[in-house]
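With chain C held as given, fit chain W onto it using these hints.
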Amino acid sequence: MSREIKTAKSANLMLCLCCHHLNPTSALRCETCDEPVYIRRRRSYERTLAWLLTAMILYVPASIYPVMTTIAFTRSQPNTIVGGVIELWQQGSYFIALVIFFASVVIPIAKILVLAWLCFSLKIKLKTHKKERTVIYKYTELIGRWSMIDIFVVAILMALLQLGGILIVEPGIAALAFAGVVIATMLAAEAFDPRLIWDTQDEDHH
Amino acid sequence: MKQYTACEHCDYLLNAPVLSHNECAFCPRCGHRVSHRPKYSLQFTLSFSIASIFLFILSNTFPFLSIGVQGQQNEMLLWQASFEFWNHGQELLAVLVFFVVLLLPFLLLIGLVYILWPMIFMRSLPIGTCWIARYIFKLKSWSMVDVYLVAVLASLTKLASMANIEFGIGLWGYISFSICLSSALANLDRRRFWQYLEKVRCHERLKQQNQPT
Chain C
1 MSREIKTAKS ANLMLCLCCH HLNPTSALRC ETCDEPVYIR RRRSYERTLA WLLTAMILYV
61 PASIYPVMTT IAFTRSQPNT IVGGVIELWQ QGSYFIALVI FFASVVIPIA KILVLAWLCF
121 SLKIKLKTHK KERTVIYKYT ELIGRWSMID IFVVAILMAL LQLGGILIVE PGIAALAFAG
181 VVIATMLAAE AFDPRLIWDT QDEDHH
Chain W
1001 MKQYTACEHC DYLLNAPVLS HNECAFCPRC GHRVSHRPKY SLQFTLSFSI ASIFLFILSN
1061 TFPFLSIGVQ GQQNEMLLWQ ASFEFWNHGQ ELLAVLVFFV VLLLPFLLLI GLVYILWPMI
1121 FMRSLPIGTC WIARYIFKLK SWSMVDVYLV AVLASLTKLA SMANIEFGIG LWGYISFSIC
1181 LSSALANLDR RRFWQYLEKV RCHERLKQQN QPT
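Chains as they are written, first to last, in the working numbering: chain C, 1 to 206; chain W, 1001 to 1213.
The shape of chain C in the complex, shown without the other chains (with noise of 0.2 angstroms):
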């Protein structure tokens, strides 16, 4: 690129990530709104891979042990996130088997590979598809809370059933890890940042 491309970092100036407010280099909290300033995200690399690996390891225990227990008389049914979806899909709500699934099973590994893939292309120093990087780094920011919808769906059940009379639901184990895993990627989603990606290209120039 023949044009020196300047960001705030190199005209000596960093954002507000609260109110996008330019503060100088040596400033600790922020003149607008006194939230505390930093050049990049503290500690952003570290925190993202930290969160991404308590997903992980809480993802198993999530798939593997039940959701929740439907007990119908003497007959227990224990019942994984997987196999609910298989349920519906059988039962031929095929709209919901596939908006849940997605929610529950897509979205969650989606975003586990994709910050590690992000996280990774830092390593290495990556200089190609900068804005794709990003946009793809949007969007895992935007989607992540949708994966919650298994967790509130074990809540509503529990209490129409248990009001109707007709079987106890018992939550699961996984109920508790899988919520662990939302709000893991949520965090490590928030931790990461983006600006990093275009930080390869700017040394460069120097």
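Honestly, the hints are just simulated from the structure, not real lab data.
One or more hints might be untrue.
Subject to a maximum C-alpha distance of 25 angstroms in a straight line, what follows is the list of computed DMTMM-like cross-link-like pairs (lysine to aspartate or glutamate) [claimed, not checked]:
1. Lys1140/W - Glu87/C
2. Lys1140/W - Glu141/C
3. Lys1207/W - Asp34/C
4. Lys1138/W - Glu141/C
5. Lys1140/W - Glu170/C
6. Lys1158/W - Glu87/C
7. Lys138/C - Asp1146/W
8. Lys131/C - Glu1023/W
9. Lys1158/W - Glu170/C
Okay, now just chain W, sitting in the frame of chain C:
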């Protein structure tokens, strides 16, 4: 320094966009939306927030769903879904669901009204504005009202074959609450909010200077 800003996603230094109504500014390098200005941004946020608070009260006082088995209808309230986790010994999940579905959206709305009402109508900043506004922007993405609604839909299809489910007023209230809350948050732009806050702060300072003379 005032006339410059930087892209949140790629740190590209750009001239601070001056927007008129219904315009957006995008980063030329990474395509991220740097700022947008909906028509009457903060006024809309305030009015939708006030509407949301009423709808929130409505959806909590009226039955949410009712389940009927063998002619007997039982009603369920909104908060009971999260409370059920507590009964089964999963206190952590109960607190999480309660926080994310009920408490956080409500606190966000109360905070927004508390800040925006005096700012728009009285041109003054209430105590702790900065602190509350910062937490509103930080915790915005953790309110999962819309996710909860899709979960209601999913669990209803699961139950449809087993029992007779009826929607209560609370559910309709919660649906409208969800729409109003997302409209309130969609009309809230970081840059515009903090610019407006600075303006009000300046106004207050000028008023203080003029008072003694």
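(request) Just pull the numbers of the violated hints for me, sorted ascending. (result) Numbers 1 and 5 - these are the hints that the structure violates, sorted from lowest upward.
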